[in-house]
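Peer 1: Here is how the chains run, residue by residue.
There are 2 protein chains.
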Amino acid sequence: MKDFNVAILGCGTVGGGVAKIMLEMSEQLSGSSTRRIHLSKIVELSASEAVERFEIPAHIFCGGGKDLSKEEANRYIEEILQDKNIDLVVETIGGSNDFVENLAISVCHAGKHLVTANKALLAERGVSIFEAAKINKVSLGYEAAVCGAIPVIKTIKESFTGDQIESISGILNGTSNYILTMMQHEGMDFHEALKLAQENGYAEADPTLDIDGGDAAHKLILLIRLAFGVNITMEELARMGIQNIKKEDIEFASEINAKIKLICFAQKLDGKIYATVCPMMVKNSNFLAEVSGATNAVRFLNKYSGRHILIGAGAGSLETASSIVADIVFAARYADRALHEEKEKVAKLQFTDARHFKFPYIITFETEDIPGITGLTTTCIGKQKINIDTVSHNRHEKDRAIFSIVTMPCTLRQVEDAILEVKEKNPSVLLSEPKVIPILY
Amino acid sequence: MKDFNVAILGCGTVGGGVAKIMLEMSEQLSGSSTRRIHLSKIVELSASEAVERFEIPAHIFCGGGKDLSKEEANRYIEEILQDKNIDLVVETIGGSNDFVENLAISVCHAGKHLVTANKALLAERGVSIFEAAKINKVSLGYEAAVCGAIPVIKTIKESFTGDQIESISGILNGTSNYILTMMQHEGMDFHEALKLAQENGYAEADPTLDIDGGDAAHKLILLIRLAFGVNITMEELARMGIQNIKKEDIEFASEINAKIKLICFAQKLDGKIYATVCPMMVKNSNFLAEVSGATNAVRFLNKYSGRHILIGAGAGSLETASSIVADIVFAARYADRALHEEKEKVAKLQFTDARHFKFPYIITFETEDIPGITGLTTTCIGKQKINIDTVSHNRHEKDRAIFSIVTMPCTLRQVEDAILEVKEKNPSVLLSEPKVIPILY
Chain X
44 MKDFNVAILG CGTVGGGVAK IMLEMSEQLS GSSTRRIHLS KIVELSASEA
94 VERFEIPAHI FCGGGKDLSK EEANRYIEEI LQDKNIDLVV ETIGGSNDFV
144 ENLAISVCHA GKHLVTANKA LLAERGVSIF EAAKINKVSL GYEAAVCGAI
194 PVIKTIKESF TGDQIESISG ILNGTSNYIL TMMQHEGMDF HEALKLAQEN
244 GYAEADPTLD IDGGDAAHKL ILLIRLAFGV NITMEELARM GIQNIKKEDI
294 EFASEINAKI KLICFAQKLD GKIYATVCPM MVKNSNFLAE VSGATNAVRF
344 LNKYSGRHIL IGAGAGSLET ASSIVADIVF AARYADRALH EEKEKVAKLQ
394 FTDARHFKFP YIITFETEDI PGITGLTTTC IGKQKINIDT VSHNRHEKDR
444 AIFSIVTMPC TLRQVEDAIL EVKEKNPSVL LSEPKVIPIL Y
Chain Z
44 MKDFNVAILG CGTVGGGVAK IMLEMSEQLS GSSTRRIHLS KIVELSASEA
94 VERFEIPAHI FCGGGKDLSK EEANRYIEEI LQDKNIDLVV ETIGGSNDFV
144 ENLAISVCHA GKHLVTANKA LLAERGVSIF EAAKINKVSL GYEAAVCGAI
194 PVIKTIKESF TGDQIESISG ILNGTSNYIL TMMQHEGMDF HEALKLAQEN
244 GYAEADPTLD IDGGDAAHKL ILLIRLAFGV NITMEELARM GIQNIKKEDI
294 EFASEINAKI KLICFAQKLD GKIYATVCPM MVKNSNFLAE VSGATNAVRF
344 LNKYSGRHIL IGAGAGSLET ASSIVADIVF AARYADRALH EEKEKVAKLQ
394 FTDARHFKFP YIITFETEDI PGITGLTTTC IGKQKINIDT VSHNRHEKDR
444 AIFSIVTMPC TLRQVEDAIL EVKEKNPSVL LSEPKVIPIL Y
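Taken in order, these protein sequences are the chains called X and Z. Just so we're aligned, residue 44 is where the first sequence starts under the working numbering, counting upward by one. Just so we're aligned, residue 44 is where the second sequence starts under the working numbering, counting upward by one.
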C-alpha cells in the first residue's frame, strides 16, 4: 500500500489538534482509503511548546522539536514544497496576508493537495487560491473554515448535488451567539456578556471580528461561493454586528416570540442572490432560535428536499481538527479523480444589494414622550406602502418613549425612506437612530 | 465527454421523483462530474400512469410508455443487466423479498453501480448485497434509505472519517413522530392521532411497520452497520413501538420537562454496542425534543467533535429522490476509485443486549388506590440498588392510582427485577404491567 504523506504547517490550536487526531487514529486512517495516510512533517516556530501541549513525538517536527527562527521555518517549508513524497499540506498558520496567500498558491503549484481552516484567507483572497488549485488539479479542502466541526462544505458539495439550494441562514459565529445567549438568559447587557465571554475563553482579547460580524461574513462568503457560484467581497456584503444590541431589543424579541441572533443570510430569487450578515429576530418556531451558547447551526431551504438543519461545534481545537482530518481522508480517497468542483456553474447568478430584498422588520423607535408620535411614525410607514403587522406596547421612561413596530415583508429601502420622512416631519422627535432588525421565520 | 447512463427500475413515488429531478436538472448534472449523467431507461409496470404523474417523456420507458406485464418487465430488466452502456441502476421497486434481493445482487454482478432507497431490503438481507457490491467493485448508494433527504449516510462515510462516533440517537420514523406530536399538541389519544395521520397521508392503511418501530429499526440497523461495523438482525435489536403510549405518559413527560419520542439509540461503550428502538422521554434541553411532525433528526456524539444534529425531511417523493440523485452524482464522480467503504473495521465490536445498558428510567405504575403502595414500590426499587430521582404526584381515579418514579441510571434488568419483586410481595396490587420508559438527556 502506497503512503499518502501529510505535512502540517503551523502547529497551534488547530494544527496541533490535527496532529493529535492523526496520531491517535493512525490505524483507522490507514484503513480508510487505498493509501496509508501518514503524518510526515510538521513545521512550527514554537515547536517545543507544541510537542508538550499535544504530546507529539519531537522527531515529526522539522528541526527535531526545537524552536525555529522564521528563516529556518521558511527553509523547511521550501523543502516540503520540493519534496515529491509529500502529497498534501495542511495550512494552519492562519491570517490573511501575502505570506499565507503565496504559501497556499505555492502548495498548489507544487502539485500538492491543500487543506486549510483559514476562512479569512479564503474569503478575502480566495479567488487566486481556488484558481491555483484548479489549474494544478489539486484538491482544496476547507471544511474546517466554515462552522468548525459541522460538515457543511461537504454537505453542499456532495450531498445537495441532486437539489438546488434556495436559501441559507445560519449562526456561524459562536462568540456572538454566546454573548447574545448570556444577554437573553442572564439579563446581562452587551458589555457584561462580552466580558464573560472573554473570561471563559469564548472571545479574544480583541473581539472585533467576532462581534462586528466580520468572521461570520467570511464564512457566509465561502458558503455563497459554493452554493450559488458567486464570488463576493467583504465590501459588497451588507453587514452589521451585535455591538448595538440592547436589553430592550432582547425584550422586544421576547414580545414577538423570537430571539435575537447574529444571522448569516443568503437567498436566491429571480436569478439574483441577496445576502446579509446582521442581528435578526428569529422566531421561536425556527430551530435557529434554540441554538444557544457557542454552538453553530446552518439551515438550508432546498428546491426538492425542503428544509435541512445542521447543528454542531463551530470552533475548538479537536472539533475543527476533525474536519481537517476528514478533508485529508477525502483527498486520499478521491483526489486523483478529475476535479469537478471548480467547474463553472451553469447559471451565473448576480449578487444584489440586500436593501432591495423583502423581509419583515421590527423597527424600534426611541422618541420624546409626547402625544402623536405613534401616529406620525405609522403614517410615514404607511406612506411607503409598508403594511404594519403590530405596534408594541409603548414603554415610557422619564421623558422618552420606546416602542417598536413590526412590519409585513418590505425592503430596507422602504423602511429607510419612512424613517427619513419621520425625521423631516419632526426633526427633533427621534432621540436616537431607529433600530431596524429583520425578522426570520 | 463520456456518458454515465442510469436506468431506473420501478417508477412509483420515489423512482418517479428521481426521473423528474434528473430531467429537470439535466444541465446541472452534466456539469457535476467528468461524465455526462444521463437517464437512459425506466422499467415500470404501470408506465402510462408514471408518464402522466411525473411528466416523463414516454420514450424513456422500456415499452415506450405502455403498461407492462410482469414478464415484459422482467425481460426489459434482463436487457438492462446485459447492456454494457448502463453504468448505474436505481432500484426503487421496494420490498424485502427474494425477487428484489436477487435483482440487487444481479445488478452488482453485472458490474453496475446500485442506488436504492430500500431500507427493509438492506436491513434484512443486506449482507449478501453489500458482499456482492464489494466483490464486483461497484458502489452501493443508499443515502435515501435512511431519513429520506437527510444526508446522514454520507456524513458518516465521508465527514466523520477524522473522528469516532460514540453514540447515535435519532427520530428516524416520521409517521410515529407525527402521531406523538398530535398526542402532545392536540391532546389526542393514540387512535385518534393514528386516524388523523392516515387521513393526512402520513400513515399507510396498514401502519404496523411505522408504529411498532420496525421501520425505524431498519434504519438504525443500517446506521449501526456503517458507524460501528456491526451487522445485527431485526431479531437481535430490542424494539418497542408507540402503540401503548397513553395520554398520561405524555403528561408525565411534561412533568419532567420532556417529550415522548420514538428514539433509535445506539452507543459504543467498552468495546460493545448497545442499541434499542423504543419510546423515550426526551428532555426538552435535547434538540430531538423539538423535532415535531413528520420531520426526522439524528444526533451524534463524537469523540473529537462532540455533538452533531442533522434535521430534515424523512420521507416524500422529491425529498427522498434528491438523495438518490446525489448518490448517482457521487458514483459518477468517484466510483471508479477503489472502494474503501467495504473494508473491515479495525476494531471488531460486539453487539450486546440493551437490558444491560444503563439509562435513567421513568416507571409508571397503575395500582389499587390503597395506602402503602408508594412504600412498596420504592422499597423494591431501592433493593435493586437503583437510586430514585423523583416520585411523581399520585393521580387518584376511582379505585386506582397512577404514579411514576424517575430513577437514576440503571439497567433495564434491575428495573425488571424490582417490578418482579413488587408483584411477588403483593400479587394483586398492580392493575397493569408497569410502563418502563428510558429518559434521554
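Source of the hints: derived by calculation from the structure; they are not laboratory data. The reader is advised that the hints may include incorrect statements.
In this list, chains with the same sequence are indistinguishable; a pair is considered to hold if it fits within one copy or across any two.
Below, simulated DSS-like cross-link-like pairs (lysine-lysine); rule was C-alpha separation at most 27 Å, straight line [what the hints assert, rightly or not]: (1) Lys84 with Lys346; (2) Lys289 with Lys109; (3) Lys200 with Lys428; (4) Lys478 with Lys326; (5) Lys289 with Lys346; (6) Lys466 with Lys180; (7) Lys45 with Lys177; (8) Lys63 with Lys478; (9) Lys63 with Lys315; (10) Lys45 with Lys180; (11) Lys315 with Lys326; (12) Lys63 with Lys346; (13) Lys63 with Lys290; (14) Lys177 with Lys289; (15) Lys426 with Lys109; (16) Lys466 with Lys109; (17) Lys63 with Lys109; (18) Lys478 with Lys468; (19) Lys63 with Lys113; (20) Lys200 with Lys346; (21) Lys238 with Lys290; (22) Lys315 with Lys468; (23) Lys109 with Lys180; (24) Lys200 with Lys177; (25) Lys180 with Lys200.
Since this is a predicted model, take the numbers as computed values, not measurements.
Peer 1: Confirm or reject each hint.
Peer 2: We went through each hint and held it up to the structure:
Taking CA atoms no more than 27 Å apart as the test, Lys84 paired with Lys346 passes between copies only; the shortest distance there is 25 Å, against 45 Å inside one copy. With identical chains, the CA atoms of Lys289 and Lys109 are never at most 27 Å apart, being 49 Å at best within one copy and 67 Å at best between copies. Taking identical chains as interchangeable, the C-alpha atoms of Lys200 and Lys428 are never at most 27 Å apart, the minima being 41 Å within one chain and 52 Å between chains. In this homomeric assembly, Lys478 and Lys326 come within 27 Å of each other (Cα to Cα) only inside a single copy, at 18 Å, whereas the closest approach across copies is 37 Å.
Taking the closest pair of Cα atoms, Lys289 and Lys346 never come within 27 Å of each other, the shortest separation being 37 Å inside a single copy and 38 Å across copies. In this assembly of identical chains, Lys466 and Lys180 lie within 27 Å of each other by CA distance neither inside one copy nor across copies; the values are 57 Å within and 72 Å between. Proximity of Lys45 to Lys177 under the C-alpha cut-off of 27 Å is found in both arrangements, the shortest distances being 25 Å within a copy and 21 Å between copies. Taking CA atoms no more than 27 Å apart as the test, Lys63 paired with Lys478 passes in neither setting, with 47 Å inside one copy and 46 Å between copies.
In this homomeric assembly, Lys63 and Lys315 come within 27 Å of each other (Cα to Cα) only across copies, at 25 Å, whereas the closest approach inside a single copy is 44 Å. In the homo-oligomer, the alpha carbons of Lys45 and Lys180 lie at most 27 Å apart both inside one protomer (20 Å) and across protomers (20 Å), since each shortest distance falls under that limit. In this assembly of identical chains, Lys315 and Lys326 lie within 27 Å of each other by CA distance solely inside one copy; the values are 26 Å within and 42 Å between copies. Within a single copy, Lys63 and Lys346 get their C-alpha atoms only as close as 40 Å, which misses the 27 Å cut-off; across copies the closest is 13 Å, which meets it.
For a Cα distance limit of 27 Å, the shortest separation of Lys63 from Lys290 qualifies neither inside one copy, at 42 Å, nor across copies, at 50 Å. For a Cα distance limit of 27 Å, the shortest separation of Lys177 from Lys289 qualifies neither inside one copy, at 46 Å, nor across copies, at 59 Å. For the homomeric pair Lys426 and Lys109, neither the shortest alpha-carbon distance inside one copy (71 Å) nor that between copies (60 Å) is at most 27 Å. In this homomeric assembly, Lys466 and Lys109 never come within 27 Å of each other (Cα to Cα): the closest approach is 65 Å inside a single copy and 71 Å across copies.
Taking identical chains as interchangeable, the C-alpha atoms of Lys63 and Lys109 lie at most 27 Å apart only when both belong to the same chain, with a minimum of 18 Å there against 61 Å between chains. With identical chains, the CA atoms of Lys478 and Lys468 are at most 27 Å apart within one copy only, with a shortest distance of 19 Å there and 69 Å across copies. Taking the shortest Cα distances, Lys63 and Lys113 sit within 27 Å of each other inside one copy (24 Å), while across copies they are farther apart (58 Å). Within a single copy, Lys200 and Lys346 get their C-alpha atoms as close as 16 Å, and across copies as close as 25 Å, so both meet the 27 Å cut-off.
In the homo-oligomer, the alpha carbons of Lys238 and Lys290 lie at most 27 Å apart inside one protomer (16 Å), although the nearest pairing across protomers, at 47 Å, exceeds that limit. For a Cα distance limit of 27 Å, the shortest separation of Lys315 from Lys468 qualifies neither inside one copy, at 36 Å, nor across copies, at 74 Å. Within a single copy, Lys109 and Lys180 get their C-alpha atoms no closer than 35 Å, and across copies no closer than 47 Å, so neither meets the 27 Å cut-off. Taking the closest pair of Cα atoms, Lys200 and Lys177 come within 27 Å of each other both inside a single copy (16 Å) and across two copies (25 Å).
Taking CA atoms no more than 27 Å apart as the test, Lys180 paired with Lys200 passes in both settings, with 17 Å inside one copy and 24 Å between copies.
In this structure, the earlier hints numbered 2, 3, 5, 6, 8, 13, 14, 15, 16, 22, 23 are contradicted, and the remaining ones agree with it.
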